[in-house]
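Q: With the sequences and hints as input, model every part of the structure.
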Amino acid sequence: MMTDIRNLRTFAAFVQKFDVKFDMLSIINELEDQVGLEFDFEQEARSMVRIANSFSTYGQQKRAPILVPRPIPHLVTRQVLVMEFMEGIPILRLGEEMARRGFNPDGAVARLAKSNILKDLTEAYGHMILKDGFFQADPHPGNILINDKGQIALLDYGQVKELSQRLRLDYSRFVIALHEGEPFRIGHCLERMGLVLGEKIETDPAAFLITVSGMFDTTLPPGQTKSIPFGEGSTLEKFSVKNFPKELFFVLRTVHLLRGLSVGMGIPYSCASQWKDLAKDVLCSSASSQGKNTSTCYAGRELSWKKRKNGRTLFAYGA
1 MMTDIRNLRT FAAFVQKFDV KFDMLSIINE LEDQVGLEFD FEQEARSMVR
51 IANSFSTYGQ QKRAPILVPR PIPHLVTRQV LVMEFMEGIP ILRLGEEMAR
101 RGFNPDGAVA RLAKSNILKD LTEAYGHMIL KDGFFQADPH PGNILINDKG
151 QIALLDYGQV KELSQRLRLD YSRFVIALHE GEPFRIGHCL ERMGLVLGEK
201 IETDPAAFLI TVSGMFDTTL PPGQTKSIPF GEGSTLEKFS VKNFPKELFF
251 VLRTVHLLRG LSVGMGIPYS CASQWKDLAK DVLCSSASSQ GKNTSTCYAG
301 RELSWKKRKN GRTLFAYGA
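Number 110 in the UniProt record's numbering belongs to position 110 of the sequence shown; there are no gaps in the numbering.
No lab work stands behind these hints: they were computed from the structure. Note that the Cβ used here is the ideal one computed from N, Cα and C, for glycine as well. Hints are all accurate, no fakes.
Computed Cβ-Cβ distance ranges for the label pairs, DEER-style:
1. G107 with K242: 44 to 50 Å
2. P222 with T77: 50 to 56 Å
3. V263 with R100: 22 to 28 Å
4. K242 with T77: 41 to 47 Å
5. Q290 with G107: 46 to 52 Å
6. K242 with R100: 48 to 54 Å
7. E180 with E38: 36 to 42 Å
8. E84 with E191: 42 to 48 Å
9. D33 with G107: 43 to 49 Å
10. Q290 with E180: 22 to 28 Å
A: Put into structure tokens, the structure is as follows:
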């Protein structure tokens, strides 16, 4: 496995130099840091318990959006992990199961069921990423089961990621700015998180928004039916990514896997729009815990801009 990653790093360095305008080496470095954790089942069991306990706080008033299996005590070692059995069918067989039960997989009832599933899964990831800063980082279809009640069972906690508090709060600010579609606020958030673009936002604010949404939202660019981030006509041709913070890679990957499910189910939606209220709550809670004013805790600092005589646009945030 580690040899494969080293070979991948060599390949990434080559294509980054001559073709792809994206910082792929940071992503390879993050993969190398994380991959060894997948083979420690004691660590996976601890991660599973931590996430399961987090969702147990939903309590009696609201059903948790996902089910998390728990490890069986005394049946876990570094090489063996025994956990609760989760009932359900793989999410990719959902349409087939609906047809078997007499429902049109493309009908209104099926679309509502699919929409609710995506909503629950996205709510769960918002809770893990924005509120806890600790999340299951591998939501590919094979790890998602749907039971007879329409509940999601999320499996496989070998690949998890923990965000620092600063990054978690900065990403919350970014989610709000992305939902509101304000390019200069988005740019400020990206800068705080360490993501560096090769070009200035004012070059083409509309293309900048499409580029960033293509990376961090589940919506597809106008006119596209599938996501091809490095394909011909990609906005990455205009806004290259010179530095991508490796800490954000698994967030990026999670968003793209959610988008893949959205496209596969034929249910378009925006995770940024769904997460915006939670992001505001997270920022207000953080401000409150520090004794700060919560009335404008998520609004960010006021943006002002002016043009110099040479026509260059400058922007800055007030205190």
